[in-house]
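*Asks:* As numbered in the working numbering, the sequence shown has no gaps in its residue numbers, which increase by one up to the final residue, 273.
Quick caveat, the hints were computed from the structure, so don't treat them as lab data. Take these hints with a grain of salt, some might be off.
To be verified - Result set (EDC-like, lysine to aspartate or glutamate): computed pairs, CA atoms no more than 20 Å apart in a straight line: (1) Lys111 / Asp91; (2) Lys149 / Glu186; (3) Lys149 / Glu191; (4) Lys256 / Asp161; (5) Lys143 / Asp91; (6) Lys29 / Asp230; (7) Lys111 / Asp92; (8) Lys187 / Asp230; (9) Lys129 / Asp182; (10) Lys129 / Asp161; (11) Lys111 / Glu191; (12) Lys29 / Asp39; (13) Lys256 / Glu186; (14) Lys111 / Glu186; (15) Lys256 / Glu165; (16) Lys111 / Asp127.
Stated by the list, open to error - Ranges between beta-carbon positions, derived for each pair: (17) Pro59 / Gly163: 34 to 40 Å; (18) Pro208 / Glu45: 19 to 25 Å; (19) Ala120 / Gln73: 43 to 49 Å; (20) Ala23 / Thr106: 39 to 45 Å.
Positions of the beta carbon are idealized from the N, C-alpha and C atoms, including for glycine.
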Amino acid sequence: MSALIDVWDTGTFDQELMATLVANKQLIHDYLTTDRRQFEEREAADRWMPHATNPYASDYMAFVEAVGQDIMQSCTIRAWHYTRLVDDEVRIIQENGIYPGTLETLKLRLGALVTAGLITTADAKALYAASPCHHPEQKPGRLGKFWLASDPIATDDGGVELLLGNWGGDATYFWLDDPRLEKLVSEIGRPRTLEIAVPIASTPHCYRAGKAVVAAYARTLGCRPDRGAFDLYSTTPLGPASVLAIHSAGDKSFLAMAQGYPARFLLDR
Numbered sequence: 005m006s007a008l009i010d011v012w013d014t015g016t017f018d019q020e021l022m023a024t025l026v027a028n029k030q031l032i033h034d035y036l037t038t039d040r041r042q043f044e045e046r047e048a049a050d051r052w053m054p055h056a057t058n059p060y061a062s063d064y065m066a067f068v069e070a071v072g073q074d075i076m077q078s079c080t081i082r083a084w085h086y087t088r089l090v091d092d093e094v095r096i097i098q099e100n101g102i103y104p105g106t107l108e109t110l111k112l113r114l115g116a117l118v119t120a121g122l123i124t125t126a127d128a129k130a131l132y133a134a135s136p137c138h139h140p141e142q143k144p145g146r147l148g149k150f151w152l153a154s155d156p157i158a159t160d161d162g163g164v165e166l167l168l169g170n171w172g173g174d175a176t177y178f179w180l181d182d183p184r185l186e187k188l189v190s191e192i193g194r195p196r197t198l199e200i201a202v203p204i205a206s207t208p209h210c211y212r213a214g215k216a217v218v219a220a221y222a223r224t225l226g227c228r229p230d231r232g233a234f235d236l237y238s239t240t241p242l243g244p245a246s247v248l249a250i251h252s253a254g255d256k257s258f259l260a261m262a263q264g265y266p267a268r269f270l271l272d273r
């Protein structure tokens with residue numbers, strides 16, 4: 005595994021990445037300060053104004069793309085997955101790693117809950133049948149993918165509340181309309197945050213990773229780029245060495261997620 009990078013923390017960037025960013029600091033600064041000035045001029049105007057051309061845009065976009073394809077494609081980043089798991093599922097992940105979700109893995113997980121006496125066979129069948137993963141329009145965004153966030157997110161954030169509050173994630177609760185089943189999945193397991201090392205090569209997101217690290221460096225120059233955080237997914241299994249930590253409800257690190265943990269996250273935002 006290559007050295008681990010936090011896309012929001014320049015202190016984790018390797019020598020090649022930092023050298024590339026430093027060599028292009030003037031371009032980064034000129035594009036972003038021009039972009040900010042043009043935005044503020046539009047906001048201050050008392051009438052509609054067309055978007056002015058940023059003379060640095062073409063070179064900047066090409067640079068960001070090159071950082072993604074030429075550097076980040078071979079990097080491994082730390083990313084975060086929010087979920088609800090029973091203890092045995094935590095053990096399995098620690099022993100076997102991560103696998104992209106499929107209808108078959110959902111069926112196996114439901115079967116394990118039946119074996120453990122946590123749900124009935126009838127409940128397992130009902131939850132499986134209700135999964136949005138059966139729907140043709142939902143399949144492309146869900147099956148064969150393991151979704152994560154590039155930046156840690158506070159566990160009380162509304163964006164992850166339902167993921168932490170319902171076993172099986174949106175593969176189970178998303179289309180539930182039976183109050184009894186809704187209550188059932190909300191009581192299985194405990195909220196967990198998975199801290200995962202993700203090779204960018206296992207994702208289609210090298211450009212977004214490049215954009216994020218350029219934004220992180222730009223902030224050290226005093227620029228104000230758009231927030232670099234992004235959602236990503238892996239399409240290949242990630243072995244047990246990729247599981248850096250599993251933070252469970254009640255752990256100090258779980259409660260402090262994005263609010264003191266990781267230690268450098270708040271310092272760099």
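*Asks:* Hint by hint, note whether the structure agrees.
*Replies:* Taking the hints in turn, this is what the structure says about them:
no.	hint	verdict
1	Lys111 / Asp91	18 Å, holds
2	Lys149 / Glu186	24 Å, violated
3	Lys149 / Glu191	25 Å, violated
4	Lys256 / Asp161	17 Å, holds
5	Lys143 / Asp91	28 Å, violated
6	Lys29 / Asp230	17 Å, holds
7	Lys111 / Asp92	16 Å, holds
8	Lys187 / Asp230	39 Å, violated
9	Lys129 / Asp182	13 Å, holds
10	Lys129 / Asp161	31 Å, violated
11	Lys111 / Glu191	19 Å, holds
12	Lys29 / Asp39	15 Å, holds
13	Lys256 / Glu186	28 Å, violated
14	Lys111 / Glu186	18 Å, holds
15	Lys256 / Glu165	18 Å, holds
16	Lys111 / Asp127	12 Å, holds
17	Pro59 / Gly163: 34 to 40 Å	36 Å, holds
18	Pro208 / Glu45: 19 to 25 Å	36 Å, violated
19	Ala120 / Gln73: 43 to 49 Å	45 Å, holds
20	Ala23 / Thr106: 39 to 45 Å	41 Å, holds
The structure is inconsistent with the numbered hints 2, 3, 5, 8, 10, 13, 18, although it conforms to all the rest.
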